[in-house]
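Order-wise, the sequence lines are chains A and B.
At position 192 of the first sequence (counting the first as 1) the number is 198 in our numbering, and the numbers step up by one without a gap.
At position 261 of the second sequence (counting the first as 1) the number is 708 in our numbering, and the numbers step up by one without a gap.
What the hints contain is simulated information worked out from the structure, not anything from laboratory work.
All clues given are correct.
Calculated pairs, DSSO-like style, for lysine-lysine (alpha carbon to alpha carbon, straight line, at most 27 Å):
(1) K575/B with K608/B
(2) K608/B with K170/A
(3) K380/A with K848/B
(4) K316/A with K280/A
(5) K283/A with K608/B
(6) K555/B with K325/A
(7) K501/A with K608/B
(8) K555/B with K316/A
(9) K608/B with K325/A
(10) K380/A with K806/B
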Amino acid sequence: MKGNQFDAIVIGAGHNGLTAGAYLARAGLRTLVVEKNDYIGGAAVSRELHAGWLYSNCSYVCSLLRQSIHRDLNLTKHGLMIVPYAGSTNFARNGDYIAEYPDPDMQYREYRRHSLRDADAMHRYEADLMRYARFIRHFLLRTPADPTSFRPRDIGEMLFMARKFADMGEEQVYEFIRFLTMSAGDFLDEYFENDLIKSMLAISSIIGTALGVYSPGTAYVLLHHVMGDVDGAVGAWGLARGGMGAISNAIAGALREFGGEIRTEAPVRRILVKNGKVLGVALENGEEIHADIVVSNLDPKRTFTRIMEKEDIPADLRKKAENFRIRGSSGKVNMALTGMPDFPSLPPGHELRKGSFQFLDSLERMERAYDDWKHGRWSEDPFIEMTQSSVWDPTLAAPGHYFVSCFIQYCPAEVEGGWTPEKRDAFGRTVIDQISRYSPNFRNLIAHMEVRTPFEIEQEVGLTEGNIFQGELTIDQLMFNRPFPGYSQYRGPVKGMYMCGSGTHPGGGVSSACGANSAREILRDLKRPNVVPEDDVDE
Amino acid sequence: MSREVIIIGGGHNGLACAAYLARAGKQVTVLEASTRLGGLGATREFAPGFRASVAHTLPQLDKKLVDDLNLTRHRFTLAAENLPTVALGTDGRHIIVTPGGLEGASAKDSAAYAEYRRLLNRFASAVKPFWYKRPPRIDGGSRGDLLTLGQFAWNLRRLGKEDVREMMRMIALPARDLMDEFFDSPLLKGALSWDANVGSRLAPRSPNNAVIALLLRMSGDLTGGLPLPRGGVGGLTDALAESATAFGADLRTETRVEKVLVSNGRATGVRLVDGVELQAPVVVSNADPKTSFLDLVGAQHLDVQFTHRINRLRTGGMVAKLHLALDRLPDFSGLADPRGRLLLTRNMDSIENAFDAAKYGDFAPELPMEVLIPSLQDDSLAPAGKHVLSAQVQYAPYDLKTGWQNRRDEFLEACLASLASYAPDIRDCINATELLTPTDLETMFGARGGHWHQAEFAIDNWWVQRPTYGASQYRTPVTGFYLCGAGSHPGGGIMGAAGANAARAVMEEN
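Isolated chain A (complex conformation) (with noise of 0.2 Å):
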């Protein structure tokens, strides 16, 4: 077989890519992973970008990875260990806080400190969130049905996804569509009274979203960040040893094992269409690889405005590309600190201050915050995440010395007049700002930062507009709905072409998800037998 001939060649060495084409390999097709970086990871990566600090510098936590990938492919023998992480402490203005405790009766302690009536609520909450996180994760790896279709195998999802209701019952199943639909303010204000307990609960509700906290819609987003796992501890968040590269790099092994190829610093200028099939792709350096396969990893909106030709795509998909809602509304600041954060509101040694750190007060700051992003500015007094990573993986920095990674919202894709690296940095300077009101010593420990706005992440992740979710994940644009209704089974519009990133169902996050269900659906095209797990789920 020539060089340049493949059966299946993945646009794309983000993890979903790695993971369709490890599965590809896996069952017998000579697979190629091309990567426009002279890296592989995507947003999954680990990198050295100050001599002496390993990076996670995109995605920065792991949950949704799924435990039958991680098995099936054998990725701890690749080098994969996941490292559960706990403890988390949001600051208020007044020097008070709340924690977020692993131990159950240390966190009702901490909630009743607040609230006796929110520390009773805590428990039905979280039963409840729960419930609709086991309801869902029947689905992560699971083709969504096209409800419009009578082809047999998609009335059996429906049925399947009908039985599933059932199984929650009547009363369950109203609860659970109210909750779809509305705003993670309006959810959480029917369970709790005290600001400060509701905003830390309200992050996970607009992380990577475009919307505010009592946008309708964002108490599913709020669900998408409870609904992963760690080890089978639905709910829990864990590092990956290594940095999230560690994800990517264990998988690129696994695909290696198999057979497969990865080329990087390869980027394609386009997917070449020949009478309705695919033929392969074109580089940017002219050079052409071809196969009958082509699968994308790229956001749909990139796959179809940009590396497709026009007439290679019905008009009609062209314009839902161009509608597809993807928005840039968060930025990232990484930093090398040379000792460890002061933060005088925790007594000293105390656990917390391993932990992960916000500096919100109440959903009002994280509506306003949302209102500047609306106005096209980034958000004067931003809500951030800050995650010390190398406190869990000493991995990442030297004895004494530690890796902090902190998600911003909201900042958006377009300022006016455009980013320049002096905005950028200007950016960079409100979150140390924020952040040293609260930890006076914070801003004499770093020794580099990297600062990437929307801007930055799409120029060298190529997500557009920054999007860590490649698509909103709103109704509109979930289920049958990923990207676009009536192609949420991963095939393209012409025969051979296929998507695999988290544009596609079940969305953002580090879960492999998208890549697995892809490649299920490949094999059942060629007819081959399934190599993919399927339905993973705790029961």
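Go by the hints and put chain B onto chain A.
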């Protein structure tokens, strides 16, 4: 013959319910607390010789109601049909939206509007029958429920794959994205997004509710125009009252109900504030769900979960009503004839900004509004040569942080300033003003939170969940106690569907 049904509240839904039940031979008594029947539809004299109703047009009116209850025989007539909607531009260049299409818009926008109307009309006609049906229980409680669900699925299927797929997606879009997908003109987008959010606690950027709201607005005869009743909307509610009386219903005003009498989980009648008790095996409440369950029935007769679900209904109104008595017609820049519904929504941001202020319990300096001068078509509303200006103003939060008492004048000033930027001479025309904040609407009409829909009309509180499951089929956990107000399916707007559906439910079950 003894009384069979008591209806609490003489709003248009209570009257429609009464008329339908009386027509079916039931002995019905309607008890209205205020001096006037018709609720938010009633036409009142707000200044000597000047009359207006809080609701001012009938976009959702369906001919069936008019025919069923012979409202024309009871002097219900239209002063105008198919009123156009005018999107007022601050520069005096306007876009006129008529049933036929757009005037003053670009060719591209006009073409896009045709497609937009086509899609929405298809969706609207697919769901139309269900506004006038009792929502099913989604686990298929009865054969009727399964039938409704089946019909619903079938109606959607009939739209064809392409349109259903488009609907699955569009149904959840924020008005802003919906508009951006179709149109270019900021003015047009502002105007068309108005109906998607008016009366709710939502704005153009809010997902999940825009299309549902638009479809409800289109639940009427789908002409795309606005009918204007003679004598204000009161013309309709008076006709409903006459019709109900003609069918033999007994309508009493100034009769405030204090409690619904319940024994062994069954409604047996009502007790009035003066202590008088009226017995009836069926009690129907036109009051909002919170008042109905928490005040009239009382939590002691309901289980905790149900009470919780009623408590959590969002009932804070966002719309204020402005009535101006005008000595002469104001001159709207660039508009020869101010007939029709004038929208002061220059773009979607102007709406969003007004909402942002209201989110935090304040109001914006610039207030988007929907303006009507009904006296142009209906001389019964103002003295000869004079006019009435009726405006729905957003966003006026019920829970204004400072309270409404000391800020009414400031708000009125903001209204006039906003008006003046389109009609500079407005202040010179004014003879008298009336401002009704959500608080006023609550105290005057008993509408909780002054909310148009009695409870937020949103997709999480819609159809099988309106006002909440367990009460979404008009019957309630208290046997013999029913709901017939806007808090029930299909929601607010003068259409009488909730009343008609409730009447049918009562007849089926009694």
